[in-house]
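Participant: Those protein sequences? They're chains X and A, same order as listed.
When the count follows my numbering, it moves up by one through the first sequence with no breaks and lands on 1982 for the last residue.
When the count follows my numbering, it moves up by one through the second sequence with no breaks and lands on 152 for the last residue.
Don't read these hints as lab results, they were simulated from the structure.
Hints are not guaranteed to be accurate.
[Unchecked claim] Derived SDA-like pairs (lysine to any residue); straight-line CA-CA distance at most 25 Å:
#1 X:K1664 - A:P38
#2 A:K50 - A:Y121
#3 X:K1112 - A:E71
#4 X:K1519 - X:V1454
#5 X:K1110 - A:L41
#6 X:K1867 - X:V1857
#7 X:K1803 - A:E71
#8 A:K50 - A:N84
#9 A:K49 - X:K1677
#10 X:K1673 - A:S96
#11 A:K30 - X:D1785
#12 X:K1677 - A:T97
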Amino acid sequence: MNSLILVLASLLYLAFLFGVAYWAEKRSEKGKSLVTNPYIYALSLAIYCTAWTFYGSVGRAVSYGIEYLSVYIGPTLMMPLWWLVIRKIIRISKVYRITSIADFISSRYGKNVTLGIIVTLVSLVGVLPYIAIQLKAISSSFRILTRTDSPSNSHIFLDDLTFYISMGLGLFTIIFGTRKIDSTERHEGMVAAIAAESIIKALAFIIVGIFVTYGIFNGFGDIFNKAALHPQLKSQFLMDGNKGEYSSWFWHTALSMSAILFLPRQFQVAVVENVNEKHLNKAMWLFPLYLLIINIFVLPIAFGGELLFPNHDVNPDNYLLAIPLKYDAKFLALLTYIGGFSAATSMVIVETIALSIMVSNSLVMPILLAYPKVIGKYENNLSGLVNNIRRVSIFIILLLAYIYAKAIARYFSLVSIGMVSFAAVAQFAPAIIGGIYWKEGNRKGAIIGLLSGTFIWFYTLVLPSLIGAGLFPHSILEEGLWGIKALRPSALFGLEGMDDISHGMFWSMFFNIGSYVTFSLITKATSIELNQAVTFVDVFSHSKFTDNTTIWRGTAYLNDIRTLLNNFFGERRTDRVLRLFAQKHSLNLENKKADPKLVTYSEKLLAGVVGAASARIMVASISKEEHISMDEVINILRASQELMVNNKELRRKSIELEKATSELKEANEILKRTDKLKDDFLSTVAHEIRTPLTSIRALSEIVYDNPDMDQEEREHFLGTVVKESDRLSRLINQVLDLEKYESGRQKLIKENVDIQEIVKDSIDALYQPAKEKGIKVVFLPDRFAPKFEADRDKLVQVVVNLISNAIKYCEADKGEIQIATHYVEGAIYTSIQDNGVGIAKEFQRLIFDKFFQAEDQTIKKPKGSGLGLAISKKIVELHQGQIWVESEVGHGSKFTFMLPVV
Amino acid sequence: MKQQLKVLVVDDEPGILMSLEFLMKKEGYQVFIARDGEEALDIIEREIPSIILLDIMMPNVDGYEVCRFVKSTLKLSHIKIVFLSAKNKESDMEKGYAIGADLYVPKPFSTRTLVSKVNALALGIATS
């Protein structure tokens, strides 16, 4: 194939990526953000599938049989656990504005600089080769398509292509990865682009798969039958029960389980770029589905390749390209190339941005901060400095990867480099998982665990490759270091019979976990470590009042804090942020000394930009911190825990007490408050009536005064007048209605009714509005519910009110309302459940009060009279029934009313 | 002169918002609209309008908070604030003026009176 076409296709593809990213950012500026879509989130996770997957899976399937699947089984097994693990990591990262793995670990263990540096270096060493093989995959696929197989044949231009592509990717990463420094570190354009790439690589793979399976062969059955006749192939795909094979399955699966969490790029897309914890729900099934789809054709292509190239003159890694070429299907070959190209580029982009954040925030900034002179030069533009560090590191990382790809990578196969990378990031697992579930885990344990694990990783997995490349004497491999047999890198302490990866993982995890646990137990944590440990482990109970969780005491001057924040956020934003915070907590910004709450808040804002460790150094540099002794911290933490326990007991007791005195209290209250309530009610009614009235008056005056106004505008105005008049008359009717119930003048007209009919009629009445908003309504009737005496029309009014509320508070096109009836022990329960915004605990009893909506303006959004629930409650109570709500914010509401059947 | 004046209209009721926008445009002002306090603050800092017609009861950041913010910011404190509210008790109006409002117009209002009051404020700005 003409190399010019390929170059053009690559460039066009890069231009396409720029276009998608640019478009996504433009949309987001207009408020139509794409990343609020859970499908985009799930697709961006598919960045897990790199060029290694794209080309390497087939190769791996040919050489190792179905073991290639372990790399996908790991993440799939991990998915259900995501709800536990990733949700917690996301919550912690949101609350403490954590932006990378290095930041996470350093933050958990006392905002420690050393740990941040170690994690950054391990990530760099572990992941750089992985980036390099992506570049290598691009250039080798290019070679195959242009049929310049032997390196001597390749012209200079080709070598440069890899270089130009890496620099092009660097440019993309800089434009969409470092454009603005923000304390959330999200990159919408980039996420949109990689989601698009996920679709492209899957499509390319599937199309080639279909071509091979149905175009060349006669479907799956045909290929598998032919392969079964091939003795060598057959043996590859049977599990022979050999012990080594099971342990290798185990370790490979475990390894990929940790990779899906801790690879820097996975952390970036899954945690840092996450905008909504709820997106996990979709990702939990969508991502495994993606893995399944992209793997369907791996075996047919692997078998097909083996059958079509019986002389083994083609590397199985390249079957995907070689098969279309053999049949002269040039377009398909080009499509494959683009698929592999997209798999490689998405990985390179995100991995690079994730690494550059670590390098700037956890490696360079903490070191620079130790040199006030250097920092002094950038006094007024620290965020510019951070950004420049990132830009430079992006290019350096890509350059190093390029050099690695050129100079070293050819000694290794795609697969081995990938697995070795996985093993490197697996070293983070003990410190992170321990860190979020085990309060005793401390800094010394984490550092020693991480260092020893990494050392063993290097010794058992990297050293043998370096020996293979001739950098170290071969004798180490056979005789052991210094001739000691127990120190043989691939049979450490005499452990034999495992494959390299399983062996390396076993020993590195053994030492990593062992040291982490041992040193955490035998050494003491400092007060700040303890504080971080508690806030991380108990994040779900702390995150509601995060402003108070950090224990900080000392003196800092407001001016210094302001200057510090100015450097990163600019004067205007700083001023606004500080003043809104001060207003919210009623602090005085005129004071010279800053309130501790404000200091903590500022540190958190800074942490989002430069990482927790650097933020801490910066804040410490402008404040005189008082040393808080260990005992004090423990006391404070214990006190807050006891408070929680006491609160629970207190609540239980007060509930009992409340029960005992409730009647007395109620009677008393009613007497005392009736007058005031009546006053409040009247003034709220007046207010509620004035609002539509204002619109009606203003709009009709305008129409009256402007006979020459635009016809369309006039119709729009008059339409609004009619709508507001409706609202007004509805309100008046409801007020009168409620008055009737309250004065006891409302009588029920009872007849024999069927609850199912009542619900069905109500659903029919609301069919149109529900359909317009794209909301699904499901009814699960209890057919054993008996007929009973009740006022039919009034009950329809209740059900209609509850359903229309549910419609109002559900998101368009995503809403689902479930209505169910149950007959239990002489009572009929009817429940209306939605998946809308939900109601906070403290409001759940108040919403049945009249005009509650108007009192609390922050949840006012969808309009209503504020009387519907109050009337419903009256109707249910008139039937000797009860009505209540169960709800959690963000997880929908369930309204239930119970009617006794006499 | 008054053509150049910027007027910001803040209300969460679409009917009121659309009529105020129409009235102010007709008088030749450059009009901006916001549906809540947060959006209003963004526009205020960006455009620095001369007059704000401000509702009080709004979701998130309410009218009182917006007024307090404007009046306590040196660069913004010259902005004239007109509260438009259905809270029309004596005590409500007193509170509005105490926070720093230049005018308190109870809802519902006569559009002609409102326009002439806003024009008078604008004249004051132009001549000072």
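Participant: Confirm or reject each hint.
Facilitator: Results of checking the hints against the structure:
1. X:K1664 - A:P38: Measuring from Cα to Cα gives roughly 28 Å; hence the hint is violated.
2. A:K50 - A:Y121: Violated, because 28 Å separates the two Cα atoms, which is more than 25 Å.
3. X:K1112 - A:E71: holds, 23 Å
4. X:K1519 - X:V1454: Violated: X:K1519 and X:V1454 sit about 38 Å apart, past 25 Å.
5. X:K1110 - A:L41: Roughly 21 Å between the alpha carbons, so the hint for X:K1110 and A:L41 holds.
6. X:K1867 - X:V1857: Cα-Cα ~24 Å, so holds.
7. X:K1803 - A:E71: violated, 33 Å
8. A:K50 - A:N84: Given pair A:K50, A:N84 is violated - Cα atoms ~30 Å apart, limit 25 Å.
9. A:K49 - X:K1677: violated, 45 Å
10. X:K1673 - A:S96: It holds: about 20 Å lies between the C-alpha atoms, which stays within 25 Å.
11. A:K30 - X:D1785: Roughly 24 Å between the alpha carbons, so the hint for A:K30 and X:D1785 holds.
12. X:K1677 - A:T97: holds, 23 Å
The structure does not agree with the numbered hints 1, 2, 4, 7, 8 and 9 stated previously, though it agrees with the rest.
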